[in-house]
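> Start from chain A and add chain B according to the hints.
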Amino acid sequence: MQYLLMAYTDEKLWPTLPVAEKEQRFFAAYGAYVEALNRAGALKGMNRLRPVAEGVTVRTSEGKPQVLDGPYADSKEQLGGYFLIDAPDLDAALAWASRCPAAEHGAVEVRPIFERCEEL
Amino acid sequence: MNSEGDEQARSTADLVARRSYGKLVAFLAARTRDVSAAEDALSEAFALALKDWPRNGCPNNPEAWLLAVARRRAIDAFRGRQRGEAAGEQLRLISDGFAEAEAAPEIPDQRLALMFACAHPAIDSAIRAPLILQAVLGLDARTISSAFLASPAAMSKRLVRAKEKIREAGIPFRIPARDELPARLGAVLDAIYAAFTEGWTDPAGADVIRRDLTEEALFLARLAAELLPGEAEALGLLALMLYAHARRRARRQAEGEYVPLAAQDPSLWDPQMMQEAERLLLRAAPMGSIGRYQLEAALQSAHVFRCRTGEANWPHVVQLYDALYALVPSPVVALNRALAIAEVDGPQAGLQAMPDDPRLAEYQPYWAARAELLSRDGAAGEAGHAYDLAIGLERDPAVRRFLERRRAALPHTTNRAN
Numbered sequence: 023m024q025y026l027l028m029a030y031t032d033e034k035l036w037p038t039l040p041v042a043e044k045e046q047r048f049f050a051a052y053g054a055y056v057e058a059l060n061r062a063g064a065l066k067g068m069n070r071l072r073p074v075a076e077g078v079t080v081r082t083s084e085g086k087p088q089v090l091d092g093p094y095a096d097s098k099e100q101l102g103g104y105f106l107i108d109a110p111d112l113d114a115a116l117a118w119a120s121r122c123p124a125a126e127h128g129a130v131e132v133r134p135i136f137e138r139c140e141e142l
Numbered sequence: 170m171n172s173e174g175d176e177q178a179r180s181t182a183d184l185v186a187r188r189s190y191g192k193l194v195a196f197l198a199a200r201t202r203d204v205s206a207a208e209d210a211l212s213e214a215f216a217l218a219l220k221d222w223p224r225n226g227c228p229n230n231p232e233a234w235l236l237a238v239a240r241r242r243a244i245d246a247f248r249g250r251q252r253g254e255a256a257g258e259q260l261r262l263i264s265d266g267f268a269e270a271e272a273a274p275e276i277p278d279q280r281l282a283l284m285f286a287c288a289h290p291a292i293d294s295a296i297r298a299p300l301i302l303q304a305v306l307g308l309d310a311r312t313i314s315s316a317f318l319a320s321p322a323a324m325s326k327r328l329v330r331a332k333e334k335i336r337e338a339g340i341p342f343r344i345p346a347r348d349e350l351p352a353r354l355g356a357v358l359d360a361i362y363a364a365f366t367e368g369w370t371d372p373a374g375a376d377v378i379r380r381d382l383t384e385e386a387l388f389l390a391r392l393a394a395e396l397l398p399g400e401a402e403a404l405g406l407l408a409l410m411l412y413a414h415a416r417r418r419a420r421r422q423a424e425g426e427y428v429p430l431a432a433q434d435p436s437l438w439d440p441q442m443m444q445e446a447e448r449l450l451l452r453a454a455p456m457g458s459i460g461r462y463q464l465e466a467a468l469q470s471a472h473v474f475r476c477r478t479g480e481a482n483w484p485h486v487v488q489l490y491d492a493l494y495a496l497v498p499s500p501v502v503a504l505n506r507a508l509a510i511a512e513v514d515g516p517q518a519g520l521q522a523m524p525d526d527p528r529l530a531e532y533q534p535y536w537a538a539r540a541e542l543l544s545r546d547g548a549a550g551e552a553g554h555a556y557d558l559a560i561g562l563e564r565d566p567a568v569r570r571f572l573e574r575r576r577a578a579l580p581h582t583t584n585r586a587n
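Sequences listed follow chains A and B, in order. Following our numbering from start to finish, the first sequence increments by one per residue and tops out at 142. Following our numbering from start to finish, the second sequence increments by one per residue and tops out at 587.
A hint or two may mislead.
[Said to hold, decoys possible] Distance condition first, Cα-Cα at most 35 Å in a straight line; then the derived DSBU-like pairs of lysine-lysine:
1) A:Lys-98 with B:Lys-326
2) A:Lys-34 with A:Lys-98
3) A:Lys-44 with A:Lys-98
4) A:Lys-66 with A:Lys-44
5) B:Lys-326 with B:Lys-192
6) B:Lys-326 with A:Lys-66
Hint data in this document are derived by calculation from the structure and do not stem from the laboratory.
Only chain A is shown next, with the shape it has when bound in the complex (with noise of 0.2 Å):
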């Protein structure tokens, strides 16, 4: 089954970050943790997301279309990035979010993704 893992975290407080500690997390803590989950076979796809404000939100409301500057949902913490995993079970995939980095400074939102024509 593929899951995707959604790391929210507190885009402020980045940039208050010394150097040191961005490296540190960067590239050993996120480094690893991609090393770990690709000897695994269980990475398919990541990124990390630039901030909410530099996010647009489009809606189409009778017929015209909305543009918005901004993120869709306002909250504390936010969408920082995310990692597309395949695991056997949901519990694999709570073992891999328990190891996230992001769970540290944020939280990990596990979702199970819909394998094709399960639902319409």
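Leaving out everything else, chain B in the frame of chain A:
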């Protein structure tokens, strides 16, 4: 009536809940084989107690009061579900023995029988520990699911299914006969130990829920050792857990950083707990039935001795691992044995003794151990890669930082593999 009586009623109910919850569930469920119904009846009884006791004062024997109410609720619930003659027979069975129990000064302790039912071979081994934690201690699914890293909804479902299985398969509530006791006791002890190690993965005890779980598991181990004082392995498990628990404060620095065994300050160990563990092992030894938990406790004892005296007892440790491996040929035991061999014959010998088992591929301690031995052997590049995997597989941030420091201390011949 008034807030004072209210408070007293609540604190009495709390006390009874903590002390006798499992006893009452065990007593009710032993007759009906219906753990869920026993839990439901008991939670209704506790709710009623909180309403009644402040008005009418706490009863002299709160346990008997709760049992009487819970029993009526259980019978009502049973009548609601079943009809016919068979039901009449069942009802007699349920009612049997209640009157004597309510009159007796002490309700018979059937918690051990409840534990044997929860750890029955027909019950999926992964749910045995959560089931015991819930049935004997009354922990809710949410608390249990965090410790076992499962979703609360999924954990609830598994618990319900396991209780249905107990009822429908007619799993007996009794302590097994002499000849089958060792194997069946093993399953109970394994479940208790699983509850303990899950609680133990948070050595700082920063997470209140997890820390409590360690204490709860210790309570269960004590219960098993008290109720089966002639079973060497029950004593061995309690000894093992006490050794581990005695070192809990030394495993973290004041700032929360992780401290490995070799670097721990023995003065932070709990001496009373360790003495109790030693005594348990000495009591178990003459019983002449050595087992996994006594050997693991003996290994703890050897580590403690070495750290206290500075006397390198690694050959002795290797011997103990040999004996343990003969009993439990698991890759994890082989891994720890390899680490001890490295202390005696050097890192190369340790690396050669390391098990090559696919089950270890996502096991953090395997990669941390490998990294350690590779780095001692001068293979900094490979060690760095092994550290990466260990860091990526670790869920405790403090242990992650510890491994990151170890990795950063490697000589700078090679950097990141990619």
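> Please go over all the hints and tell whether each is borne out by the structure.
Here is how each hint holds up against the structure:
no.: 1; hint: A:Lys-98 with B:Lys-326; in the structure: 32 Å, holds
no.: 2; hint: A:Lys-34 with A:Lys-98; in the structure: 10 Å, holds
no.: 3; hint: A:Lys-44 with A:Lys-98; in the structure: 21 Å, holds
no.: 4; hint: A:Lys-66 with A:Lys-44; in the structure: 25 Å, holds
no.: 5; hint: B:Lys-326 with B:Lys-192; in the structure: 24 Å, holds
no.: 6; hint: B:Lys-326 with A:Lys-66; in the structure: 30 Å, holds
Against the hints set out earlier in the document, no violation occurs for any number.
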